Every structure is written in structure tokens, then in C-alpha cells.
Amino acid sequence: GAVVSQHPSRVICKSGTSVKIECRSLDFQATTMFWYRQFPKKSLMLMATSNEGSKATYEQGVEKDKFLINHASLTLSTLTVTSAHPEDSSFYICSAEGGVSYNEQFFGPGTRLTVL
Amino acid sequence: GQQLNQSPQSMFIQEGEDVSMNCTSSSIFNTWLWYKQEPGEGPVLLIALYKAGELTSNGRLTAQFGITRKDSFLNISASIPSDVGIYFCAAKGTNAGKSTFGDGTTLTVKP
Chain V
1196 GAVVSQHPSR VICKSGTSVK IECRSLDFQA TTMFWYRQFP KKSLMLMATS NEGSKATYEQ
1256 GVEKDKFLIN HASLTLSTLT VTSAHPEDSS FYICSAEGGV SYNEQFFGPG TRLTVL
Chain A
458 GQQLNQSPQS MFIQEGEDVS MNCTSSSIFN TWLWYKQEPG EGPVLLIALY KAGELTSNGR
518 LTAQFGITRK DSFLNISASI PSDVGIYFCA AKGTNAGKST FGDGTTLTVK P
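If you're matching them up, the sequences are chains V and A in order. Each residue of the first sequence is one higher than the last, beginning at 1196 in the numbering used here. Each residue of the second sequence is one higher than the last, beginning at 458 in the numbering used here.
Isolated chain V, as found in the complex (with noise of 0.2 Å):
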């Protein structure tokens, strides 16, 4: 149980177009999603919070003109990259909170954006 999964896992996109990210939880229902990103060898840096039907919550020095996130089912939340550009690149990595173990985060695999 306690599956996460996101898609597309690899994404090359041309600098100025947006693109968007969907994290799925399979096998339960989370009512608190994460959207995660991570520069090579460096640790998750958390960009926001999301709770089904509501805002997202926005971490100090993330754009959310420019990371727009929708959580609009309690199994689905996605995050679209508006406008990227070559800095956005970058491993981005959902996890969610749900179901008897509400206290653990279940992190999906992970989405590879290269701008070019």
C-alpha cells in the first residue's frame, strides 16, 4: 500500500512553454500533497503544501504565478511550470499524507525537467 505515482517521469521542454506534472496517490486517499524540489546531490526543497479543494500554501521565495498547483481530488494534484526557463530544470518530487498513516509522507518518484 502507500503507492505515489507521478507522471511523465522525464520531461525536455523548449524555454517559454509550460509544462505539468501530476501526482497520483494509488491506494489511498491523501488529503495533504507536497511538491518537492531537489538540485543534484542536494537535499528536498519543500516549494508547498496542498489540501484537496483548497489553496495551495506557498514556501518563502517560491513563485506561485510560476508554480501553480491544483489539488483537486483527494488522489490527484499537479504542478504546472509556467513559462520555464533553462533555471527551472530541475528533479521535482511529490509526496502525500493520508489514511491510517497520516503522519507518513509517501513520496512518488519523481519528474526530471530539463529546459532548453
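Quick caveat, the hints were computed from the structure, so don't treat them as lab data. Just so you know, these numbers come straight off a predicted model, no measurement behind them. Incorrect hints may appear among the rest.
[To be verified] Here are the simulated lysine to aspartate or glutamate pairs, EDC-like style, with alpha carbons at most 16 Å apart:
#1 Lys-555(A) x Glu-1282(V)
#2 Lys-555(A) x Glu-1247(V)
#3 Lys-567(A) x Asp-475(A)
#4 Lys-1215(V) x Asp-1260(V)
#5 Lys-1259(V) x Asp-1222(V)
#6 Lys-1261(V) x Glu-1282(V)
#7 Lys-1236(V) x Glu-495(A)
#8 Lys-1261(V) x Glu-498(A)
#9 Lys-1237(V) x Asp-475(A)
#10 Lys-1209(V) x Glu-1282(V)
#11 Lys-1237(V) x Glu-495(A)
#12 Lys-1236(V) x Asp-475(A)
[To be verified] Every beta carbon over 12 Å from chain V, so not counted as near; a handful from chain A, in silico:
#13 Gln-471
#14 Leu-490
#15 Ala-505
No residue lacks a Cβ here, since even glycine has one placed at the ideal position from N, Cα and C.
Assemble the complex: chain V is given as a structure, and chain A must be docked to it using the hints.
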């Protein structure tokens, strides 16, 4: 804000050796979690701890929730090459809300 100090930052060990890493904080937490991340993958939960003093094992892994609720350690016994990766500690102060993560311990195991 709440911070976790995870150490060591990296370890280079020989196969068969035991490993120990820890996380400390000046804040009190109610939950401690240990994750392992392999290259190109998301972190995977190894052990969750919910009570001060709790000692929990998962195979060759053992973790403890410090009695002061401000620290936790993870031990790996008889390391093998597939133990390589980045190990993260995480902690939560309340049942709701985000976890605080340590900066990770990168483990390299030489055969």
C-alpha cells in the same frame, strides 16, 4: 524555524561495516521518519517512530526516537553495496502539517 541537523554529511565505508547516522534539533517533535533515496528516484520510507524512546528495526536497519524528542539515529548493520544512497531524516511536530527534513547523509559502500 525548525531545523534538523543531520550528520554525517557523507560516509564512505567498506562492505560489511556497520553505519550510524543521526539527526538532532533544538525543537521537540512527535514523529521521526527515516527515508532512503536512490539516484533518480523519490525517497522511500524506511522506518517511522512515534514514541519517545521507541526503538524499531526493519531488517538490518534500526532507528530510535530520542528520549528528549529532539533527536533520532539510524543504524545499518553489515552494510552491503545496495545500501548506497542518500538517507534523510524527517520529523513532525503535530499530526497535521509539513515535515522538516534533514540535509541527508550520502552513503557509499565499497565492495
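Structure-based check of each hint:
1. In summary, the hint linking Lys-555(A) to Glu-1282(V) is not supported, as the alpha carbons are separated by about 26 Å, beyond the 16 Å threshold.
2. Proximity of Lys-555(A) to Glu-1247(V) is assessed by CA-CA distance (about 15 Å); at most 16 Å being required, the pair is judged to hold.
3. Straight-line distance between C-alpha atoms of Lys-567(A) and Asp-475(A) comes to about 13 Å, which keeps the hinted pair within the 16 Å bound.
4. Of the pairs offered as hints, the one joining Lys-1215(V) and Asp-1260(V) holds, with about 14 Å between alpha carbons and a cut-off of 16 Å not exceeded.
5. Of the supplied pair hints, the one linking Lys-1259(V) and Asp-1222(V) is violated, its CA atoms being roughly 29 Å apart against a limit of 16 Å.
6. Between the alpha carbons of Lys-1261(V) and Glu-1282(V) the distance comes to roughly 12 Å, so the proposed pair stays at or under 16 Å and holds.
7. Of the supplied pair hints, the one linking Lys-1236(V) and Glu-495(A) holds, its CA atoms being roughly 11 Å apart against a limit of 16 Å.
8. The suggested pairing of Lys-1261(V) with Glu-498(A) is violated, with an alpha-carbon distance near 24 Å, which exceeds 16 Å.
9. A C-alpha spacing of about 24 Å is found between Lys-1237(V) and Asp-475(A), which places the hinted pair above 16 Å, so the restraint is violated.
10. Simply put, Lys-1209(V) and Glu-1282(V) have alpha-carbon atoms about 12 Å apart, close enough for the 16 Å limit, and the pair holds.
11. Distance check on the hinted pair: Lys-1237(V) and Glu-495(A) sit about 13 Å apart at the alpha-carbon level, within 16 Å; holds.
12. Simply put, Lys-1236(V) and Asp-475(A) have alpha-carbon atoms about 23 Å apart, too far for the 16 Å limit, and the pair is violated.
13. Annotated as non-interface, Gln-471(A) keeps its C-beta farther than 12 Å from every C-beta of chain V; the closest such distance is 22 Å.
14. Remark: the non-interface label on Leu-490(A) conflicts with the geometry, its nearest Cβ contact in chain V lying 6 Å away (cut-off 12 Å).
15. Residue placement check: Ala-505(A) does not keep its beta carbon more than 12 Å from all beta carbons of chain V (closest about 5 Å).
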